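Undergrad: Residue strings, one per chain:
Number of protein chains: 2
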Amino acid sequence: MIREHVGLEGGRAYDIVIGEGLLEQVGGMLGELGVSEASRHLVITDANVQAAGYLEKVIASMAAAGYVAEVYVIPPGESSKSLPLAGEALAFAYQCGLDRRSAVLALGGGVVGDFAGFVAATYMRGVAFVQLPTSLLAHDSAVGGKVAVNLPQAKNIIGAFHQPLCVVYDTTALQTLSLREMRSGVSEAIKHGAIRDRDLFFWIEQHQEGLLANDSSLMSELLARSCRIKAQVVAEDETEQGVRAILNFGHTLGHAVEVLAGTYTHGEAVAIGMVAAADLSVRLGLCAAEEAVLVERAMVACGLPTLIPNELDEAELIESMRKDKKAAGGTLTFVLLREIGRVEIVEDVPESAVRDVIRARREG
Amino acid sequence: MIREHVGLEGGRAYDIVIGEGLLEQVGGMLGELGVSEASRHLVITDANVQAAGYLEKVIASMAAAGYVAEVYVIPPGESSKSLPLAGEALAFAYQCGLDRRSAVLALGGGVVGDFAGFVAATYMRGVAFVQLPTSLLAHDSAVGGKVAVNLPQAKNIIGAFHQPLCVVYDTTALQTLSLREMRSGVSEAIKHGAIRDRDLFFWIEQHQEGLLANDSSLMSELLARSCRIKAQVVAEDETEQGVRAILNFGHTLGHAVEVLAGTYTHGEAVAIGMVAAADLSVRLGLCAAEEAVLVERAMVACGLPTLIPNELDEAELIESMRKDKKAAGGTLTFVLLREIGRVEIVEDVPESAVRDVIRARREG
Ligand SMILES: NC(=O)c1ccc[n+]([C@@H]2O[C@H](COP(=O)([O-])OP(=O)(O)OC[C@H]3O[C@@H](n4cnc5c(N)ncnc54)[C@H](O)[C@@H]3O)[C@@H](O)[C@H]2O)c1
Ligand SMILES: NC(=O)c1ccc[n+]([C@@H]2O[C@H](COP(=O)([O-])OP(=O)(O)OC[C@H]3O[C@@H](n4cnc5c(N)ncnc54)[C@H](O)[C@@H]3O)[C@@H](O)[C@H]2O)c1
Ligand SMILES: [Zn+2]
Ligand SMILES: [Zn+2]
Numbered sequence: 001m002i003r004e005h006v007g008l009e010g011g012r013a014y015d016i017v018i019g020e021g022l023l024e025q026v027g028g029m030l031g032e033l034g035v036s037e038a039s040r041h042l043v044i045t046d047a048n049v050q051a052a053g054y055l056e057k058v059i060a061s062m063a064a065a066g067y068v069a070e071v072y073v074i075p076p077g078e079s080s081k082s083l084p085l086a087g088e089a090l091a092f093a094y095q096c097g098l099d100r101r102s103a104v105l106a107l108g109g110g111v112v113g114d115f116a117g118f119v120a121a122t123y124m125r126g127v128a129f130v131q132l133p134t135s136l137l138a139h140d141s142a143v144g145g146k147v148a149v150n151l152p153q154a155k156n157i158i159g160a161f162h163q164p165l166c167v168v169y170d171t172t173a174l175q176t177l178s179l180r181e182m183r184s185g186v187s188e189a190i191k192h193g194a195i196r197d198r199d200l201f202f203w204i205e206q207h208q209e210g211l212l213a214n215d216s217s218l219m220s221e222l223l224a225r226s227c228r229i230k231a232q233v234v235a236e237d238e239t240e241q242g243v244r245a246i247l248n249f250g251h252t253l254g255h256a257v258e259v260l261a262g263t264y265t266h267g268e269a270v271a272i273g274m275v276a277a278a279d280l281s282v283r284l285g286l287c288a289a290e291e292a293v294l295v296e297r298a299m300v301a302c303g304l305p306t307l308i309p310n311e312l313d314e315a316e317l318i319e320s321m322r323k324d325k326k327a328a329g330g331t332l333t334f335v336l337l338r339e340i341g342r343v344e345i346v347e348d349v350p351e352s353a354v355r356d357v358i359r360a361r362r363e364g
Numbered sequence: 001m002i003r004e005h006v007g008l009e010g011g012r013a014y015d016i017v018i019g020e021g022l023l024e025q026v027g028g029m030l031g032e033l034g035v036s037e038a039s040r041h042l043v044i045t046d047a048n049v050q051a052a053g054y055l056e057k058v059i060a061s062m063a064a065a066g067y068v069a070e071v072y073v074i075p076p077g078e079s080s081k082s083l084p085l086a087g088e089a090l091a092f093a094y095q096c097g098l099d100r101r102s103a104v105l106a107l108g109g110g111v112v113g114d115f116a117g118f119v120a121a122t123y124m125r126g127v128a129f130v131q132l133p134t135s136l137l138a139h140d141s142a143v144g145g146k147v148a149v150n151l152p153q154a155k156n157i158i159g160a161f162h163q164p165l166c167v168v169y170d171t172t173a174l175q176t177l178s179l180r181e182m183r184s185g186v187s188e189a190i191k192h193g194a195i196r197d198r199d200l201f202f203w204i205e206q207h208q209e210g211l212l213a214n215d216s217s218l219m220s221e222l223l224a225r226s227c228r229i230k231a232q233v234v235a236e237d238e239t240e241q242g243v244r245a246i247l248n249f250g251h252t253l254g255h256a257v258e259v260l261a262g263t264y265t266h267g268e269a270v271a272i273g274m275v276a277a278a279d280l281s282v283r284l285g286l287c288a289a290e291e292a293v294l295v296e297r298a299m300v301a302c303g304l305p306t307l308i309p310n311e312l313d314e315a316e317l318i319e320s321m322r323k324d325k326k327a328a329g330g331t332l333t334f335v336l337l338r339e340i341g342r343v344e345i346v347e348d349v350p351e352s353a354v355r356d357v358i359r360a361r362r363e364g
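Sequences listed follow chains A and B, in order.
Under the UniProt record's numbering, think of the first position of the first sequence as 1, with each following residue one higher.
Under the UniProt record's numbering, think of the first position of the second sequence as 1, with each following residue one higher.
Derived by calculation from the structure, the hints in this document are not laboratory data.
Note that the structure is a prediction, hence the values are computed from the model and not measured.
Glycine included, every Cβ here is placed at the ideal spot set by N, Cα and C.
Taking beta-carbon pairs under 7 Å as the criterion, some of the chain B residues facing chain A (in silico): (1) Ala38; (2) Ser39; (3) Leu83; (4) Leu90; (5) Ala91; (6) Tyr94; (7) Asp99; (8) Arg100; (9) Arg101; (10) Thr122; (11) Ile157; (12) Ala160; (13) Phe161; (14) Ala328; (15) Gly329.
Residues on chain A that point at chain B, a partial pick, calculated with CB under 8 Å: (16) Leu83; (17) Tyr123; (18) Arg125; (19) Gly126; (20) Ala154; (21) Ile157; (22) Gly330.
The following block holds chain A by itself, in its conformation from the complex (with noise of 0.2 Å):
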C-alpha cells in the first residue's frame, strides 16, 4: 500500500491510499476518517462499473462496518455530467434522508468523480465526499477537489472546489478496464511527466507496454508519481489562482475538441491538444522543436491520436478555446512548453498562431 498526501490549509489535507484489495476495505477506512455510522450515506456509481463487481464490494465492506449505504448508479459517460441529473441525485439523496454528516462516495472514473463530488459539494451547502477511483485516467480527476458538470455546450462550467476526505484507490479495478480507456488514463499522466517530471515523461514512454498491460508493480508507479506531481500543484495552489492552471496543459484545444467531436476520450482529445499545444509553443519560439516531436512521439507510443480532426470547424474551435474557463475578458489562453518537465501559462495568445497550428495538425 502507496500513501501521497495532499498537503492542505484549513483541515482539508487528505492522503491518496494507493493498493491492491481497497475495496474491500472501505468499512474500516471510513470509520479511521471519523464517518458517523448513525448517518445514511450515498454510494454514487455508473452501470458498467456496478456490473464489473465493485459496487457490490463497496457495500459488504460498508455493511461490514456498520454502515448504511444508498445507491445511485448513473448511466456510463461524460453526458451523465449534467445538471439535471445532479439535480436527480440529489433529491434522491434528500428521499433517502441523507444529512449534514452523511457522506457522497465516487465509485467510477473520472465522470462518476466529477459528478458524485458536485453532488457532495452542493448537498445541504457541503457533505463530506471520499473519492473511489477504478479508471486509470481518475489518478488525476480524483484528487485536488475540482468538480463539476457541464453544460451541453462546455465542459466543467458548474462546479465547485470540494476536496475529497480520502481517495483510495484499489488498483485491482484496472483489469476491466479497456484498452482504450486505459490509453486515456496515460495520456494524463503523461501531462504529468510533460509540467513537472521530464524523468516521468520519459519513463511512460518506455514502459507504455507494460503499463498498457497493467503491470501491476508499473502501474503502481505510474500512479504514485503521477499522484504526488498531481498533489504538489494542487497543495501549491487549491483554487487555481495561478499555478495550478498548468495541470491544464493540452486542454485548451483538449476541451474544445472533446466537446465539438463528442467521439474522443478525455484523454484522446487531450492528447491531441498537448502536442497541439506543443507545436504552438515552437511558433511562439518558447520551445526548441524537438521538444515538441517528442511529445508526438509519447502520444503515438501509447497509442494515442494527435491530430485534429477535419470535420470539426476552425472558427468554432476558436470560440470554444475563447469561452475557456482559464482565459478572461475572451482571450485565448494556453499552457505552453518551454521544454518537457516545463511549462508556462500564456494569456492572450494570438488567434492567428493557433489558427496556423490548427491547420498544420489537421488530419489530412
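Given the coordinates of chain A, work out where chain B with the ligands should sit on it, guided by the hints.
TA: Coordinates of chain B with the ligands only, in the frame set by chain A:
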C-alpha cells in the same frame, strides 16, 4: 452611510454598506472592489424589482463606470429558487461570455440573493458575488454567504457557502416594499434580537410603527444593529459547525410551515416558528413562561402570525422537521430560548414535546 464589517478569515472579510441612494453608486463601488472592466458581469433580479426601477439605476451606474452588465430576470417568488432555473441562468452566463473574473450581482430580496449566490458559487467553480438587497428581510439573507436553491419538498437543500465581495444596501429601495413584506423582514430582525440582543428585541417592538412606516432613521438603526448581530455570529462560525445554527431560531418549524403551506412569506413562517420554539423551550423547562409570552406579544405587535394553520398535517410537519438541515440521523433539532437574547441548540428534542406544541399552537 453606515458600514458594518463581516470579519472573516482567508480574504473573505467584507463590508455591509447601508445608506440612501447607494444603487446609483454601484459602478464606482465595483471599481473600488477591484472588479475587472475587461470582463462582462451579470445582474440577476426579479420582475418586481425591475418594474420598480432599480435595475435601470444599477445598469446606468455600472455603465458610467465602464462596466458591461448582462441582465437575467427571474419570476418573483420562492419557486424561482430551483435548480432548473439556476441551470438556465448558468447557461445564459456562459452564452454572454462571462468568465472567471466576472461578477454576479444580486439585486432583490432573499430569493434573488440566494439564487444569484448559487449561480455565482457554481459558475466556473465560483466567481465574485455582490449583494444589492432591496427587501427588508434581505438584511439577513444578504449577509453570511449562505446561498441555495430548493428541492420542491424542502428549502435550501442544494447550496454552498459563498461570501459576497460586498453588501450594498440602498435603503430608499424599501419605499416600494409592501407592508406585508416589511413585516416579513421585521421578523428576522426580531430573531436577531431574540438570539443575541435583548435590547434590540424590545426596541423593535417599541418602534414597530415607525419601522413599518419606513421611518428612515429608525430603519437605518434597525438594519445596522441587526446586520451587526448577523455579522458577528457568521464571523464566529462561517460554515455552521456550531454556534451559527442559532440563526435558525424559529426555522425548524418555520421551514416546514413555509414549504407545506406555501402561502406564507419566509418571515411569517419564521414568526410562527419562533413562537412555537419559545413554547417548546418553556415545556422543556429551559425558559420562563413569561419570556414565551413576550415573544408572542412582539410578533402580534408587528402584525406577524403566531399560530400553525389547521390544514397542515402533524405527521407531515414532523417528517419535514426530521429532515431539516440542522438535524442529523433523523433527530429533531431546535434552537431553543433560555431567555430573550440567549438561545441554545438542542439536538434530539423528544417528538412528543414537539407534537404537544403543534397541538397547542393551532389556529383553533
Ligand atoms: N476533476 C478533475 O480534476 C478532472 C481531471 C481530469 C479529468 N476529469 C474528468 O474526468 C472525466 C473522464 O474520466 P474517465 O476517463 O475516468 O471517464 P469515465 O468515468 O467515463 O470512465 C471511462 C469508461 O470506463 C468505464 N469504467 C470506469 N472504471 C472501470 C473499470 N474499473 N472497469 C471497467 N470499466 C470502467 C466507465 O464506465 C466509462 O465507460 C471527464 O469528464 C473529465 O473532464 C476531471
Ligand atoms: N441566505 C440566507 O442566509 C437567508 C436568510 C434568510 C432568508 N433567506 C431566504 O430569503 C428568501 C426570502 O427573502 P425575501 O423575503 O426578501 O423574499 P423575496 O426575494 O421573494 O422578496 C419578497 C417580495 O418582495 C419583492 N420585492 C423585493 N424588493 C422589493 C422592492 N424594493 N420593492 C418592491 N418589491 C420588492 C419581491 O419581488 C418579492 O415579491 C427565502 O427564500 C429565504 O429562504 C435566506
Ligand atoms: Zn484532464
Ligand atoms: Zn430566515
